[in-house]
Amino acid sequence: MTSTLEKPHLLIIGCGYVGLEVLRQCLASRNCSHHPLIGTAGSTASLDKIRQLGARAIRLDLDKQPEIELPTGRWSLLYMVPPGRQSNEDRRLARFLKVSTKRPPERVVYISTSGVYGDRKGNLVDEEDEIAPATERAQRRADAEGKIREFAAKHESAWLVLRVPGIYGPGRLRLPAIARGEPVLRVEDCGPGNRIHRDDLAACCLRALQTANCNRVINISDDEHATSCAFATEVARQAGLPAPPRITADEARQRFGAVRLSFLLESRLLDNTRMHRDLDVALRYPNMATGIAASLVDSKTEDAAAGFPEKSG
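Sequential numbering of the sequence shown, starting at 8, is according to my numbering.
It is worth saying that the hints were derived from the structure and are not from the lab. No experiment lies behind these values; they were computed from the predicted model shown. Some hints here could point you the wrong way.
Label pairs and their computed distance ranges (CB to CB) [said to hold, decoys possible]:
1. Asn220 with Arg260: 15 to 25 Å
2. Asp133 with Leu268: 43 to 53 Å
3. Pro252 with Gln217: 22 to 32 Å
4. Gly188 with Val106: 22 to 32 Å
5. Asn38 with Arg223: 15 to 25 Å
6. Lys109 with Gln245: 41 to 51 Å
7. Lys128 with Ser36: 36 to 46 Å
8. Asn220 with Pro293: 42 to 52 Å
9. Arg37 with Asp257: 30 to 40 Å
10. Arg156 with Leu77: 16 to 26 Å
11. Arg187 with Glu163: 50 to 60 Å
12. Leu268 with Arg81: 12 to 22 Å
13. Arg260 with Asp133: 24 to 34 Å
14. Gln59 with Asp257: 28 to 38 Å
Below 20 Å or equal to it, Euclidean Cα-Cα: the simulated EDC-like pairs (lysine to aspartate or glutamate) are [claimed, not checked]:
15. Lys109 with Glu143
16. Lys105 with Asp55
17. Lys71 with Glu163
18. Lys105 with Glu74
19. Lys105 with Asp150
20. Lys128 with Asp278
21. Lys56 with Asp278
22. Lys154 with Glu143
23. Lys109 with Glu163
24. Lys154 with Asp126
25. Lys105 with Glu143
26. Lys14 with Glu76
27. Lys154 with Asp278
28. Lys105 with Glu76
29. Lys71 with Glu96
30. Lys154 with Glu231
Quick reminder that beta carbons are idealized off the backbone N, C-alpha and C, glycines included.
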């Protein structure tokens, strides 16, 4: 067994909703592949959560050139910071990679978005398909993917890009919107979708940090291509709320902004064969029903652990 001293450090840049779960799972495992664990965040609350889990916390602001002491010796990078909105380039990532040239990581795992594929009208897409980002958000992610590959090639770092769809989990079921009757697209206008539970995504991140199957893109998704309408309706059912009203695509265009529309109107089926094969992940929540049920229970548990009062109504 590898000793603690021989394990590479893990630096999580942008240790938020998913990053904290990565820390939880790694620290809970007797065979965690990395030690010590370091997480960065911009807020005091997030830094406190990192410390409470037993990891080292570093405040980091990538909207300016960062000053950060990189790990000595072997280390791996899990990069989870979304790009800023100032341009179609990911300047935050560029700033961090510039610092990292001084002491490059041996492995880089970048969390991207399945939005880089663009709208595929409900058709199946795998990692060999050409990307076609249609929104500024997706274009920034495509730029970031290119930066990761270029950096890894220059510094001989192993790399993986995980293309991730909608993330749900405790506190991420859009319960307030459902409770106030926010509408969803009707079934006739709603194409198939993809999503992943937070805990399963965290498990995929940990496997990506360990696998010998490197230097590739991997689609991340559960095994069910439920529509956004079906998902919201199932959340409402399990939460004991009225089913959300349904509207047409034309009505949605009048009601919602560009970002929300892109999530609703773009449709594609993510082929997750490579995820199962190369990451060898057994999903805890392969379908929405089990994931939603666990999320509703865990929301109360995590709120209680954080000292939040139980939500009423």
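Evaluation of the provided hints:
1. Asn220 with Arg260: 15 to 25 Å: This hint is violated: roughly 41 Å between Cβ atoms.
2. Asp133 with Leu268: 43 to 53 Å: violated, 26 Å
3. Pro252 with Gln217: 22 to 32 Å: 45 Å Cβ-Cβ, so the 22 to 32 Å window is violated.
4. Gly188 with Val106: 22 to 32 Å: The hint (22 to 32 Å, Cβ to Cβ) is violated, given that Gly188 and Val106 are roughly 47 Å apart.
5. Asn38 with Arg223: 15 to 25 Å: The hinted range 15 to 25 Å holds for Asn38 and Arg223, with Cβ atoms some 24 Å apart.
6. Lys109 with Gln245: 41 to 51 Å: holds, 50 Å
7. Lys128 with Ser36: 36 to 46 Å: holds, 41 Å
8. Asn220 with Pro293: 42 to 52 Å: violated, 21 Å
9. Arg37 with Asp257: 30 to 40 Å: violated, 55 Å
10. Arg156 with Leu77: 16 to 26 Å: holds, 21 Å
11. Arg187 with Glu163: 50 to 60 Å: Between Arg187 and Glu163, where Cβ atoms are some 52 Å apart, the hint holds.
12. Leu268 with Arg81: 12 to 22 Å: violated, 44 Å
13. Arg260 with Asp133: 24 to 34 Å: Check passed, 30 Å falls within 24 to 34 Å.
14. Gln59 with Asp257: 28 to 38 Å: Between Gln59 and Asp257, where Cβ atoms are some 48 Å apart, the hint is violated.
15. Lys109 with Glu143: violated, 31 Å
16. Lys105 with Asp55: Violated - the C-alpha atoms of Asp55 and Lys105 are around 27 Å apart, more than 20 Å.
17. Lys71 with Glu163: violated, 27 Å
18. Lys105 with Glu74: Within the cut-off at roughly 11 Å; holds.
19. Lys105 with Asp150: holds, 15 Å
20. Lys128 with Asp278: The hint holds at about 15 Å.
21. Lys56 with Asp278: violated, 34 Å
22. Lys154 with Glu143: With Cα atoms ~17 Å apart, Lys154 and Glu143 stay inside 20 Å; holds.
23. Lys109 with Glu163: holds, 13 Å
24. Lys154 with Asp126: violated, 23 Å
25. Lys105 with Glu143: At roughly 23 Å apart (the allowed maximum being 20 Å), Glu143 and Lys105 break the hint.
26. Lys14 with Glu76: holds, 19 Å
27. Lys154 with Asp278: violated, 24 Å
28. Lys105 with Glu76: holds, 13 Å
29. Lys71 with Glu96: holds, 15 Å
30. Lys154 with Glu231: Distance of about 31 Å is beyond 20 Å: violated.
In terms of the numbered hints stated before, the structure departs from hints 1, 2, 3, 4, 8, 9, 12, 14, 15, 16, 17, 21, 24, 25, 27, 30, listed from lowest to highest.
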